[in-house]
Amino acid sequence: MAKNISEKIDELKTGVEWFYSDDFKLEDASEKYKALTTLAKDIEGDLNNLKNEIKVIEEDFSK
Amino acid sequence: MENNPQQVYTVTDFQAVCNQILETAFTGVVVEGEVASYKVNQGKYVFFDLKDDNASVGCFMMLFAQRFPLEDGMRVRVRAVPKLTNWGKFSLTVQQVQPVGEGSLKKSFELLKKKLTEEGLFDAAKKRPLPEKILKIGVISSTQAAGYADFCKILNERWGGLTVLTAHTQVQGMTAADQIIRALKYFNEHGEVDIIAVIRGGGSADDLAVFNDEALVRAIAASKIPVITGIGHEVDESLCDLAADIVASTPSNVAQMLTRDRREVIASIKADVKRINNLLNTKIDDLTEVNRNEITRIAQEIYRKIETIGADVSSQIKILAQLNPENVLARGYALVRGKATLGEDIEIETQNEFITANVKAIKEK
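Heads up: the sequence lines are chains Y and A, in that order.
When we follow this note's numbering, the leftmost residue of the first sequence carries the number 4, and every step to the right adds one.
When we follow this note's numbering, the leftmost residue of the second sequence carries the number 159, and every step to the right adds one.
In isolation and in its complexed conformation, chain Y is listed as follows (with noise of 0.2 angstroms):
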C-alpha cells in the first residue's frame, strides 16, 4: 500500500536523525543519501499536486 504524505514525511524525519545518530556509519552515508534526496522529492511532488475537496453540505439548514 502506497504511503500517504504523513508517513513519507515521518520516514523522511526518521532518515534525517540517523545522520545525527551513534548509528550512523560512513559506508552506509551515501546511500541512505541518495535514498532521502529521492523521498524529499517525492514528498514534494505530492505536496504540490495535493488538493483538498470541498464539498457543501445539501441541508437546509434555514429550516
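Bear in mind the hints are in silico, worked out from the structure with no lab data behind them.
Please note: incorrect hints may appear among the correct ones.
Here are the simulated distance ranges between beta carbons [unchecked claim]: (1) Gly349/A / Thr41/Y: 33 to 41 angstroms; (2) Glu30/Y / Asn436/A: 29 to 37 angstroms; (3) Lys311/A / Ala38/Y: 33 to 41 angstroms; (4) Asp443/A / Asp31/Y: 52 to 60 angstroms; (5) Asp443/A / Ser24/Y: 17 to 25 angstroms; (6) Ser24/Y / Gly349/A: 40 to 48 angstroms; (7) Glu30/Y / Ala304/A: 54 to 62 angstroms; (8) Asp31/Y / Asn436/A: 14 to 22 angstroms.
Here chain A is said to cover these stretches of chain Y; the calculated rule only asks that three of the stretch's residues, wherever they fall, bring their Cβ under 8 angstroms from a Cβ of chain A [to be verified]: (9) 20–31; (10) 35–44; (11) 50–57; (12) 60–66.
Away from chain Y, derived, C-beta distances all over 12 angstroms, residues of chain A [unchecked claim]: (13) Gly231; (14) Gly296; (15) Arg376; (16) Gln414; (17) Gln480.
Since we're looking at a predicted model, the values are computed, not measured.
The beta-carbon is built from N, C-alpha and C at its ideal position, and this holds for glycine as well.
Place chain A on chain Y using the hints.
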C-alpha cells in the same frame, strides 16, 4: 340595517377575524424601536413597550425566546406577529428580538458576557486544543460570503488532502443564529469531522450581532466536537469567540491555524537535505583530517624511534671506541705479552712499536 344586512360577529369571532387578517397582512413583521417598561413575570413571560418619538406598542414574548439581555432604553429590532388580545389590546407577540445600534449592542454584550462568565461558560479549563490530526473540517458559513472565499483560498494554498464539509447558513440577520445552531447540531450528530470552524468576514456591529446570541453561544460551548471561530476582523470580539475552544482573528487565520503551509514544509525538507549534505561533507572532512593526523603521528613516532636508535648506536660506538686497546696505547700505556719468568723474553707493544725485552727481576708489589 334591515335592508342592507351585514354580517354580525360575536366579539370572540371579531377578535379572531382581526387576528387572521393581521397574521395574513404581517407574517413575521420586523419592527424597530426603543425598549420601555421591560419586565419579566413569573420567570417566563416578558413584557415591554416598543416605542419611538410618536408611537408605542406593547410586546409580549416568552423568556426562553429572548436571546439577548434587554434593558429599558435599548434600541431593538423584533420579529413579531401582531395580535389583538382577548382584552382588545393590540400587541406584538415577539418571536425574536435583537439589539441594534452600537450602544445597545455593547450594553447587551456586556450583560450577557457577565452572566455567562459567572456561569463558567468561558472557563479556560474547558478549552480543548486543536486536534493533532485534522483530515475533515466542518465549516459553518455563508458560501457567498467573502470570508468563506478567503478561508477556502488560504486553505487550498497552504495544504491539500483535506475534506471540507460546508454547512451553508446565514451569518447575519435574525434567522442566522438558529441556522448556525442547526449546523452545529448537524455536525455533532454526524460526528464525521475533526473540528468545526464557524467563520464570517468583517462587518458592522449590527452585522456581527448574531455571534452574541445566547443560544448560539451556548451551542458552541456545548459542542462535542472542538470549535474554532474566525469572526470579523482582529479587533472584533464576540461571545462565540469566548465560548469557542480556539479563536482565530479572521476566516483566513482559521485556515492558517488548521493547516501547515506546504511551502514551508517543502522549504524545511530542502533545508534538511542540504543540512545532511553539509553534515556528510563535514564528517568526511573530519575523518580525512583524523586519518591525516594519524599518519603524521605515526611518521613522527617512526622518526623519533629512528633518532633514539641512532643515538643509542652512537653511544655504543663511543663505548666501543673507549674499549679499543689502541686508544689505551695512545694514552702511553703498553701491552706486555709473554710469561714473566727470570731470564725469559717478553714482548712489549706500544702505540707505535713492538719491543722485545728480557726479564731481569721480579718483585712482589
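Hints and how they fare:
1. Gly349/A / Thr41/Y: 33 to 41 angstroms: Holds, since Gly349/A and Thr41/Y (Cβ atoms, about 40 angstroms apart) stay within the stated range.
2. Glu30/Y / Asn436/A: 29 to 37 angstroms: violated (19 angstroms)
3. Lys311/A / Ala38/Y: 33 to 41 angstroms: holds (36 angstroms)
4. Asp443/A / Asp31/Y: 52 to 60 angstroms: violated (18 angstroms)
5. Asp443/A / Ser24/Y: 17 to 25 angstroms: Check passed, 20 angstroms falls within 17 to 25 angstroms.
6. Ser24/Y / Gly349/A: 40 to 48 angstroms: 42 angstroms Cβ-Cβ, so the 40 to 48 angstroms window holds.
7. Glu30/Y / Ala304/A: 54 to 62 angstroms: holds (59 angstroms)
8. Asp31/Y / Asn436/A: 14 to 22 angstroms: Cβ of Asp31/Y to Cβ of Asn436/A: about 18 angstroms, so the range 14 to 22 angstroms holds.
9. 20–31: holds (count 4)
10. 35–44: That given contact holds, which follows from 4 residues of the region 35–44 of chain Y lying within Cβ reach (below 8 angstroms) of chain A.
11. 50–57: holds (count 8)
12. 60–66: holds (count 4)
13. Gly231: holds (33 angstroms)
14. Gly296: violated (9 angstroms)
15. Arg376: Given that every Cβ of chain Y is farther than 12 angstroms from that of Arg376/A, nearest at about 18 angstroms, it holds.
16. Gln414: holds (14 angstroms)
17. Gln480: With a cut-off of 12 angstroms, Gln480/A remains clear of chain Y, as the shortest Cβ separation is near 58 angstroms.
Hints 2, 4, 14, counting from the list given before, are not met by this structure.
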